[in-house]
Amino acid sequence: MTSSTPSATAPLVAADSGAAPPTPTAPVRGGTGRSPGRIAWLRFRRDRTGLVSAVVVVLFFVAGIAAPLIAKVYGKDPYTTYGQNGTGLLNEFGFPIRPNGGISGDFWFGVEPQLGRDVFTLLLYGIRNSLLIATVTTLLVTLFGIVVGLTAGYLGGRIDGFVGRVIDILLAFPSTLFFIAFWPVMISIFVSPEENTPTWLTVVSLISVMTAFGWAPIARLLRGEVLALREREFVESAKVTGASPARIIFRELLPNLWTPILIQATLALPMYVTTEAALAFLGVGLSDPTPDWGVMIQRGAQVYQNDITYMLFPGLAMVIFVIAFNLLGDSVRDALDPKTKR
Amino acid sequence: MSLSRRNFVIATSVAAGGSMVLSACSSGGGGGGGTSGGGVSAGKYSSVSIGTKEDSTGPAPEIPGAKKGGTIRPISPQDFSHLDPQRIYYSWNSEVGNLYIRCLTGYRIDGGAMKLVGDLATDTGTMSDGGKTWTYTLKDGLKWEDGSELTVEDVRHGIERGFASFTTEGATYLQAALTGTNDFRSVYKGPYDGKHLDSVVTDTAKKTITFHLKTARPDLNWTLAMQSYGAVSAKHDTKEKYDKDPFSCGPYRLSAHSVDKSLTMVRNTHWDPATDPIRNAYPDSFTFEFGPEALQTSDRLIADSGTDQYAVMAYSGVPAERIQKVLTTPALKSRTVDGLLTGLYYYAINCKRIPDLKVRQALNYAWPLQQIRTIYGGPSSGDYATTILGPDMAGRVKFDIYGKLAKPQGDTAKAKALLKEAGKLGQKIVYTYPQGSNDAFEKTKVVIANALKEAGFDPVVKPVEATSYYDQVQQIDNSFDVMWFGWSPDWPTGFTMIQPLFDGRVIANGANNVSQLKVSWVDAAIDKAAALTDATQANAAWAALDRQLMEKEAPIIPEMYQRRFYLYGSKVGGAEYDPLNSSFVLYKLYAKS
Amino acid sequence: MFRFILRRTFSALMILLVISAITFVLFYVAPRDPARSACGKLCTPETLALVRRNLGIDDPLPLQYWHWLAGVFVGRDYAGLGHCSAPCLGYSFTNHEPVLGLITNRFPTTLSLTLGSAVVFVVLGVGTGMLAAVKQGRALDKIASSISLVGSSLQIYIVGVVAMYYLSDQWGILPRPQDSVGFSQDPVAWFKGLLLPWFVLAIIFTANYTRMTRSQLVESLAEDYVRTARAKGLSRRTVFFRFAWRGAMGPIVTILGLDIGYLLGGAIITEETFGLHGIGALSIKAVRDNDLPLLLGVVLVAAAAIVVANIVVDAVYALIDPRIRLA
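Residue numbers (the numbering used here), protein chains in the order written: chain A, 5 to 346; chain B, 2 to 594; chain C, 4 to 330.
Isolated chain A, as found in the complex (with noise of 0.2 angstroms):
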């Protein structure tokens, strides 16, 4: 989706680019008594980098969703300019007096450059968001990913050959450019000019352009799988009996996809959470006063040589998430794929 994330995408686009490269991630399943959903459970319990993977990524969302609690037990919130309003925060170029970028014990992640925010509460709300809307991305994303995919995979004939072209085009489309180009035009084009553009309008329009450009590589893979199933008896014996395509795809089919599914929905989380911060990097998505993760990056990004510290802090904090999520990723795929166990 974009430059920052190839490492998530490029496998997806591998593995189904024109000629069909063998499949590693084809569902292998268990064959004794238990079930497979138990066995990988067991399995994951084993592992504990999983485990504290787990921990940490449960924590990142917790501390979302608790945040407007925390502020208030902290005693700020991510409003108030407090280096504008007082004096003593900021000097004459904007910049916190006080070293490590203003860090007290008013203030435990510092002031926010010329703003005068606190930095705290500004993560905090930055992160609710953030994972919020990377969040429903990703659930979005999937399903269209899932309905398409499932779909034309098993229909086949012109829907499977109009959808591959769609899936076609969407991958090869710039669609970072296309965001910086054409996302600030159309939230304009849907509010009244005299009203505030309402922070939800903003956030619906981000995730569904997201997802409009994000589903073709599940959608693609998926198709592939069902491409593989729907020749086997199972299949087979439901058409026998008569079942509609809407059952065989959802009753039948989708039950056997669950494990690619949910590989590529924990690749797709942290990736949309980087998208989003790429986006924000690039000056598309949220804006001020409403709390960002991206856009805190993307103004440490231009701060840093004054205030590194600024940086740090939502910088370090999506790099921990990511990589913890990314290490959770990897222990579910262990688990429900014991084949590529290391």
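If you are wondering where the hints come from, they were derived from the structure by calculation, not from laboratory data. A hint or two may mislead.
Simulated pairs of lysine to aspartate or glutamate, EDC-like, Cα-Cα distance not exceeding 20 angstroms [unchecked claim]:
hint	chain 1	residue 1	chain 2	residue 2
1	B	Lys262	C	Asp292
2	B	Lys326	B	Asp305
3	B	Lys326	A	Glu96
4	B	Lys429	B	Asp357
5	B	Lys240	C	Asp80
6	B	Lys245	C	Asp80
7	B	Lys415	B	Asp357
8	B	Lys425	A	Glu199
9	B	Lys240	C	Asp189
10	B	Lys262	C	Glu49
11	B	Lys408	A	Glu96
12	B	Lys334	A	Glu96
13	C	Lys195	B	Asp305
14	B	Lys245	B	Asp261
15	B	Lys116	B	Glu55
16	B	Lys454	A	Glu237
17	C	Lys145	A	Asp51
18	B	Lys262	C	Glu100
19	B	Lys262	B	Glu290
20	B	Lys353	A	Glu199
21	B	Lys429	A	Glu199
22	B	Lys69	B	Asp285
23	B	Lys242	C	Glu100
24	C	Lys145	A	Asp338
25	B	Lys429	B	Asp478
26	B	Lys454	A	Asp51
27	B	Lys144	B	Asp273
28	B	Lys242	C	Asp80
29	B	Lys421	B	Glu554
30	C	Lys195	B	Glu290
31	B	Lys196	B	Asp184
32	B	Lys240	B	Asp147
33	C	Lys195	B	Asp309
34	B	Lys190	C	Glu100
Guided by the hints, dock chains B and C onto chain A, whose structure is given.
Below, chains B and C without anything else, positioned relative to chain A:
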């Protein structure tokens, strides 16, 4: 570092978007600054005057210690957008234009003082008929780069080219004055079908050129210094292609140009310094390098090694990231020049939507200038503006009606009281700015909205995407109450600042009177000041109108006179800030050995 | 093979056609007027109309698009600027330079960035992947795998900025990134200027190659033909490179091709982070300047790089792996 925070803007254009804001940082006169007013004394502002015939006679005064030879290397993020004189409007282009374009008049710059002198002409012109007729006599010994003589026909040809269909980018003042209409191309289509303008009369034998204007323009001598009115040889005119390879009559000529990479100007041996009171031309050549961002250029100049010792920052100042370092290191600070940008940055109040003067005054009181400047980078980024005319304008008188210098953080209590008086508490204010042109706007909107709320307004922040910003705010029936705007004068007298912005008769879609101020006394005062043939009287009239506008109409909220700060290499001599083009005076630089 | 290329080229052209049309339509959805920037400061409606005519944007939209499209295939005549021979992407609205020239001007930076980082991430990625595969399950494998995972979680706009701050500004280990010196002018300066972007870009890409190489090798080392080769008593080295590695190479080449295609289309964020001037920076400039021909040009280049990479990858794949036949 970031999207469009490049300084390709523009002392002389509306499009003077916020791009420059962040990088326009400078000393604040040693940082005394603090809260009250500009940290820079009035002495640092430049003075403007009209020179005599002696001032117009070459050669330019020698710079002590200067010597000929060597190469000066200006570095800029952006290539020039136009080289054809008739298509030059942006000051970045004008800066290089000064090396090969000559006009009837020009500016001699000495220690911050700007003096209008005759460049091709022997003096700044003779006005008669109440400003409707202007006559110029050409100097002897003017030559083109091939040694042929520069004649009055060439001067006329340059002016007539301004009517051609492809020179849409240039200035239009003279064309409008000659034809009496802004739609001047319907009257005359340019020189290419063999016809000449009747209103420009040349006498080859006497070397005179006379302009017969339809409307009186007592300040035409200033207008003619714009490069849009530079001379072009009819014989070497390649029309549209002239933009890529102009023919020189100045001290340098174009020798090589690789688009977006580099441009080399070498000495024009046919240029005679005795004809030129303005330019020194010590270096043998100028080699422009395009591409490096301001930060990279700063670092190279700070490192000061190799050929970078001959480099100067061209049109992108020391960025915020390096300003503290440069200002606090004496060795670096001594290698800088700084000055104000010619333009005024302000917030236009839509008088059509906010007809109540008290509300407009309340906005002025409430506006949080100090918070805004902190976001721009503090006192070093410029001085608070309280007047419409900038400090570098001829005859400008300083005043501060809304107490912005005493209370730059905004007087929300006073604003609220005024608002109550007007019965407009809770007045909705739709504020807009160009989104995406400068990240500072994303932050200033926060402090602006906070201040407005505190003063009893109901602020609505409505950014407009930068690429269509001007199209939208310049619609008559737009729905914005307060609009970020910037304006730079084309020459340093009040006319080019006040007339386009506040003349009620020019209100139209796409016009620059975005305040939509339509008041008859203002229109009358503009006509009166514009018709004054005595420069001193005219300046005084503009200064008075400046004050009256802010006092009685408050159509804008002045924001900043921005300051910019340039570094140069240790082997560069003669560095001086050009107050008109907000850049180095290139033709005064010399290379030390 | 020939039929394959023909068919794929045709579908690639279709994709590019659709993408350019979408760009064109979306550009005009906004109430923007590219003519404004060439209309001077005191712009009158008459001048504005003239500028529109000069820029060729006074025609109805479908006709404009048709002119542009025709220009790409058969060239185009411009009133003032003369003939522009095919493939003609038009003239930039802002400086009236041919768009194709502007793009090729920026290409050296993009190419340097792409190839330089590709060398780094392929060598590092494949190298560590091989090591990990050989030492499968041992400490070295675990270390390599975790490092690659951390690497893949990093973001250019975070790592790049932090690296610039510490490595160049604070500690002075690496020079600040710059691309104003071309390879032909001064190879040493060119190399130094791009070192940091190469490595930061490589950190992020390397992980993918490590993981891919490792898993492919693990798989192919377990294949029957590799075991047979080993049983025959061939040296470990021969078995590894001649047999196992050959079998594992396919997917890696695939990804490499796609990554290179992707990078050649312009790495917007990388260029933005390091202040470089490749195709990515050019595309941002096109957006900011309302420069439609330039925007169409960079969009086309980016899309073309991706589709061409896809074709090349599939063709190469078929050559490497005889089991795959081109449909």
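Just pull the numbers of the violated hints for me, sorted ascending. The structure breaks hints 9, 10, 16, 26, 34; every other hint is satisfied.
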